[in-house]
Amino acid sequence: MPLWNEIEGQTLDGFTLRKLLRSEGRTAWFSTEDPAGAPGVLSVFEALNDEDAVEARLQAAARVAHPNLLAIRKTGRGRLEDESLVYALMEPFDQTLAEVLRDRSLAPDEAREVAGSLLTALESVEAAGLYHGHVDASGVLGVGDSIKLRSDCLTTLRTESDAPALAALLYNALTKRRYSSERDALQLPAPFATLVRAGVAPNGSLAAMRRVLNGPVESPAEVSAPARPPASAPRASSVPAGGAGRPRRRPGITIAALVIMIVVLGIAWYAFKRPAGHRPISGEAAPPPTSHQPTAAVPPNAAPVGDAAGAMGAPETVKPPAKPSAAPAASATPAAGSERSVWHVVVYTYNGEKSAQQSAAELGRRFPQLQPQVFSPSSHGPYLVTLGGGMTRQQAFTRREAAIAAGLPKDTYMQNFRK
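Just so we're aligned: the sequence shown equals residues 1284 to 1702 in the working numbering.
What the hints contain is simulated information worked out from the structure, not anything from laboratory work.
Note that the structure is a prediction, hence the values are computed from the model and not measured.
Hints are supplied without guarantee of correctness; some may be wrong.
What the hints assert, rightly or not - DSSO-like, lysine-lysine: derived pairs with alpha carbons at most 27 angstroms apart:
| id | residue 1 | residue 2 |
| --- | --- | --- |
| 1 | K1302 | K1693 |
| 2 | K1693 | K1459 |
| 3 | K1357 | K1302 |
| 4 | K1693 | K1637 |
To be verified - With beta-carbon atoms standing in for the labels, derived distance ranges:
| id | residue 1 | residue 2 | range |
| --- | --- | --- | --- |
| 5 | A1644 | E1393 | 45 to 51 angstroms |
| 6 | A1410 | P1651 | 48 to 54 angstroms |
| 7 | E1443 | Q1378 | 26 to 32 angstroms |
| 8 | E1645 | E1396 | 29 to 35 angstroms |
| 9 | A1490 | T1681 | 32 to 38 angstroms |
| 10 | I1543 | E1393 | 34 to 40 angstroms |
| 11 | Q1654 | D1333 | 26 to 32 angstroms |
| 12 | P1322 | A1390 | 41 to 47 angstroms |
| 13 | P1375 | T1681 | 46 to 52 angstroms |
| 14 | P1651 | D1335 | 27 to 33 angstroms |
Beta carbons: idealized from backbone N, C-alpha and C, even for Gly.
Let the hints inform the model, and build the full structure from the sequences given.
The structure is reproduced here in structure tokens:
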């Protein structure tokens, strides 16, 4: 299969592939015209012996009609330079959210409009039993006065939800930074602090985000505040029946005061009587810091959106970050059985092994530090030109960023393969 920009101007099943608008691995978008001469966008998929499955998936996506989903007008397949291709003819668009975020972040009222449009679109996708999987700034499209999601990526519904990706996108649109932890969400204005947390929580869902978006505006403090007792609950003090204005002192209050006093005295004794810390002698290694030593707060990542928001790799579901492990990583490649998947950074895809080997060799001469090599998920193709072999998700992200910075294509993407 030639590079996507090498087939500009050619004809696929009656549609002329004009300007290449975007590419992401085995998929590319071209500007085109429909048979009546009206402008459109042709989403073209390189078939890897799965033409029937890809076409069936696109047909299912075309049946989901919603004003906030990019309409698919026609699906089909054809051949180009002896390669089988599947396509979806979509309505044209004016701009992507990624292009807007390269210049500025969204104002709160703009972000609320985006949240409402995308949430209704994803609810319709979920109601149809499908999963989006590409909720990112490059897939949010402006069509006239409407905000729409791309629809050529819809797949059968999985156990994951699109809610975490939507929440991370809203944080990114408001701050131009990548979401990393709940502490990031607390810095947002209402209702976005609550809205983002409703999406990225362990039980986050589109329904939870809908309740926040439709409900009263809450501040972050109100989210974590304890519930107030009902109006019928007894008051903390009671007035005697005899009419005396002085409340009786409850035994529970006295006991609580004594407990607090004991705790304070214990802390004071410990502060003045604890043994002095051990000082290392000459030649002895200093001990590691103990748990009571303060740890500097790490500010949230401030990576600009730019190409990161617009880069089109394999879909990644955004989840709350896992707790860091106390044990250091043993090697760059994860040990067998250490995790359920291995990540690869994919630059090119070929049907033939010889072409893949030639491409990897050429990249190796130009970028030896990236360790280009050929990887095949199966024994008969497709053959992927990858960088550095199998690795963890974080290592793959770092390797992909380094590759793009070195000058490799911006559609270089990450993909995980189950062991």
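### Task
Enumerate the violated hints, using their earlier numbering and listing them in ascending order.
8, 10, 12, 13 and 14
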